[in-house]
Amino acid sequence: MNAKRAFVAARKTVYPIAQLCRLVGVARSWFYGFVQSQPARDQRQKLRTDRDAELLPKIKEAFSQSKNRYGSKRVHQDLKADGEAVSERRVARIMKENSISPRLRKRRKPRTTDSNHSLKPSPNLLEQRFDCTTPNRVWLAPSRDIRDANALSGSGHYLRRYG
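First residue of the sequence shown: 945, per the working numbering; consecutive thereafter.
It should be emphasised that the hints constitute simulated quantities derived from the structure, not laboratory data.
For glycine and all other residues, C-beta sits at the position ideal for the given N, C-alpha and C.
Per label pair, the in silico range of CB-to-CB distance:
1. R992 <-> A950: 22 to 32 Å
2. R1055 <-> R1033: 35 to 45 Å
3. T1057 <-> G1027: 52 to 62 Å
4. T957 <-> R995: 33 to 43 Å
5. L991 <-> R1018: 18 to 28 Å
6. S1062 <-> E1041: 55 to 65 Å
7. A1036 <-> K990: 17 to 27 Å
8. Y959 <-> A1029: 46 to 56 Å
9. A971 <-> S1045: 36 to 46 Å
10. R995 <-> T1056: 47 to 57 Å
11. A1029 <-> Q987: 12 to 22 Å
12. T1056 <-> E998: 50 to 60 Å
13. K1017 <-> A950: 35 to 45 Å
14. I961 <-> R1033: 31 to 41 Å
Mimicking DSBU-like on lysine-lysine, the simulated pairs with C-alpha atoms at most 30 Å apart in a straight line are:
15. K1004 <-> K1050
16. K1053 <-> K1017
17. K1040 <-> K990
18. K956 <-> K990
19. K1050 <-> K1040
20. K1017 <-> K990
21. K1011 <-> K1024
22. K1011 <-> K1053
23. K1024 <-> K990
24. K1004 <-> K990
Can you make the complete structure from the sequences, with help from the hints?
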């Protein structure tokens, strides 16, 4: 639409506006409506820029108080608690435009088995003898999953072999 508007505006001194609008396939009222609304758009843009400039130090302050850890959601909550009427999207946009981004968390290294200790391993009570004669005699599960003889927590499995 910007190209059509620019085309009509550039040639309006040579040709009638109605003919130019018909040529590019737009309504004449669209062109005049745009021309009349331009000052209002410019004023809104100036107000937005001024408000952004007013909010930027407050956003930077809230961000630095969080030791550069808060994202736009939490910064917005801080500004709201301070009485600022501002949307979360505006805070996110201002932070993005000014390259204000939280420090990324250090990736948590998964813990695996620690074999560097002097502790003895658990005794192998079953010793591969799976000849059970009654139910609930042998349970197979990680030891952290068995709370007591009746309750099994977590996703452990138990061996139901008897007979």
